[in-house]
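Undergrad: From first to last, the protein sequence lines stand for chains A, B and C.
Mapped onto the numbering used here, the consecutive letters of the first sequence carry residue numbers 1 to 328.
Mapped onto the numbering used here, the consecutive letters of the second sequence carry residue numbers 329 to 587.
Mapped onto the numbering used here, the consecutive letters of the third sequence carry residue numbers 588 to 918.
Calculated directly from the structure, the hints in this document are not laboratory data.
Keep in mind that a hint or two might mislead.
[What the hints assert, rightly or not] Some, not all, of what chain A presents toward chain B, calculated at C-beta under 7 Å:
no., residue
1, I215
2, G216
3, A217
4, E221
5, P229
Computed from a predicted model, the values in this text were never measured in an experiment.
Even glycine gets a Cβ: it sits at the ideal position worked out from N, Cα and C.
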Amino acid sequence: MAKQQHAESWSNGKSVFRHGDVPFRIGTVVLASCVVGLVLAMGVIMFVSSGEARAAFGWDVLFGQVWNPVATDLAAPTFGAWPAVRGTLLSSLVAIVIAAPLALGIGIFLAELCPPQLSTPLSFLVELLAAIPSVIYGVWGVFVFVPFFNQVFSTPVSETFGDYIPWLAGPVATGRGVMVTGIVMSIMILPTIASLTRDVLRLVPNTQREAMLAIGATRWETIWLAVVPYSRAGIIGAVMLGLGRALGETMAATLLIGNSQRISPSLFAPATTAASLVANELTNSVSTLHESALITVAFALFGITLVLNLGARLMIWYVDRGMAGGRS
Amino acid sequence: MSSMTISQLAPFYGARQAVKAVDMQIATQEITAIIGPSGCGKSTVLRCLNRMHETILGASAKGTVLLNGEDVYGSNVDATLIRRKVGMVFQQPVAFRTRNIYENVAAGLRINGMTHKAELDQSVEEALRSAVLWDEVKDVLSKPGTALSGGQQQRLAIARALAIKPDVLLLDEPCSALDPIATANIEELLVQLKTTLTIVIVTHSMQQAARISDQTAVFMVDTTSGNPIGELVEKSSTSNVFTNPSDPRTESYISGRVG
Amino acid sequence: MNTPKNYRWRKFVDQVMRGSTVFATGCAVIPLIAIIGYVLTLGASALSVQFFTDVYQPPNMAQAAADGSTPAFDPNDPFAGIGVPTDGSTDGTTPADGAAAADVYAGGPVGGVLHGIIGTLIITGMGLLFALPIGIFAGIYLSEYRNERYSTIVRFCCDVLSGSPSIVAGVVIYILVVIRSHEFSAIAGSLALMILMIPIVTRTTEEMLKLVPESMREAARGLGAPTWYSTFTVIIPAALPGIVTGVMLAFARGAGETAPLILTVLGSNVISTNLFAPMASLPLLAYRYTESPYPGENTLAWGAAFVLMMLVLVMNILVRVATRRRAGASR
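This is chain A alone, in the form it adopts within the complex (with noise of 0.2 Å):
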């Protein structure tokens, strides 16, 4: 009964159901600009609030060598986050060196050859390490991995290597630095590259793979030549994603890093991100210029993890792009 009548009204077009579409657009349309207005928001915030570390040091604030928050009778305080830029850097890179080969062997057996009774639950078993929170890496690398791997990595290679190869140079000490840290945030970072991978690998379309092997191409030639050169813009799009959460991962590097400020070749010794830097000293700032300082890092990293969202997206919308358009 009350069925038929909204029928009804809204033939006749008196109803105001008719004029209920202008507020639900209305609506939906403010809520989505709250998502881009808070991106712009958290970009302007920053922006201001590291004005005034901006405006006394400049870029000297990333690159300068000295980070020194407190004043004393022989310098002032001077704020140069390179020791951190630096760990930042060289445990992202450890990270992806590591997980991106791993992630694309990953994403190729999950895509082309493993048995389809097995891919789904091999998929859910990726998925659920990106679910752990990065804590939980955290406690368990503290616990776990760095007294493991100092037993059997750390402290031989560098006893071995260590006089002739800076970079492996002991002591090793607590075991805490920057391969360890590279090492958890590569597990990391694993499932989000290779589940990407996977996907992207998922949209070549068959013809590229029968083109392939009808040519007499092995079930390995016709992955890597044809598979993945296909799809390659979608896995530098992974990597790039990956390399973003790398490079913003704060638990796993406060707690595993050692949070020092020297600079040290080696990569067993302890250095600081500048995520970690971040979490550990902002509370504790002692001085509107320190607190600048540290937003203006905290700006670096949100500005240098939009760009590389930004081109990850590009690539993974050049390879979708592909797929509907060229039909090759």
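Given chain A's structure and the hints, the job is docking chains B and C onto it.
TA: Relative to the frame of chain A, chains B and C by itself:
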């Protein structure tokens, strides 16, 4: 240059048999056309000849296909070696997107270990000439393969297949995505190629089969058992099939009453 | 049949490379099993009734009670052991005094994490509450007006939010709320988590609404129903299980976030329900107690990690089961 002898070939998708066991002889230096209504399994049978059929998940085939007296489905025969000898061109023209025209043709050569630049250049030119594409692309070899028109891409695919010098060339409805002019080009090309090659072509166009083939195999769908299954109803010389079909189903099909 | 000259080599490469993808997959599965295994076994050993019903107790309280010495922490100080040192040093967890006595480090698990569980539920729940309206309506916008150019911008901003480091959300709320109010507070933590949960809710809502068959929209339109009416009565109900999935995932992600809470909530050692004061939270406890020199507190860290891990595992498996059932039903 080689003949194929197909005996008791039965393709399966999972547990379902797609085509009743096929016995057929494919002669050298001839074009054999396979025609029939859609769903009769003609493409499936073609894909069994170079073991492309089994690359589909769950697909398999029973029976024997002798190539130069050796069983394609023999127990220790590697499918990649068979596909090297029995090339294939597909319905949809395929160019490798990230490769230029030259590399599209050279792909099979490189896989098979050809590394010398001069040798590669010569083989690529030869293959493109045999595919009657050389004159159109010789100045743009470094352009992406996907930049070519559909008909050119199909000839590029033929060139790629020819580059590794196969004994047999299988074509799966190669002209169904092309316009009439491109189709005529391909047909002319196939007739030239048959002097050096054994060709099997699946086509949905009876006119095409009549124009270019020497032998014609007609497949039909048998729906009597409730489970549609393809079967070979007649295989004879093309003129025989079209003028004097021995099977009534062939006659009704070519006269347009079925399919 | 003559074999090409490089055939053996190609076969070898084929086998090796296919094998190495299996190896790579093993490399992902082994740490997963190691992490889950360690957290579940070591964490389970920290569990007791006390663990779930008690709050933090300074590790040397029992010691002090036994020998009459002065405890290192004032039991009435909610921030004991958390500390906000003002010298800029990076370690805020080690108790500066009292740690001199060696036997202070001895002792079994101390107290429980009830305050953390309550805090996490409050902070994450509030954050989710803030995130839901924006997330769901932005998702509706992205799905129902998907072809507009503006939706590309919204979608990209969503990706920026989900891709930016979680600490950045903490920094922004620290600037906006903590500095202004001169106080760490649970509500600040909720706001930071909101920033991190919005993109998850938005994207799952969008995906789930897109899964609703176009025919349903057309049917509603054919009846003359306006967009808003059909969205609320037909499309959202059809996608509701999926949206709930997204909300659960957002909750699981938010509950595990630590970095933004360090900057906004700070942490606490007592049960607190005051939204405008610092509050305890499980990931913060896991973090602080991992850095603690007391083995008893380390055990609590494992326990907190265990509870977090169970939360994440259960949520993800529930989501898995729910989505599989729906995928099966729609077939």
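Undergrad: So which of the earlier hints does this model not fit?
TA: Nothing - there is no hint that the structure violates, so all of them hold.
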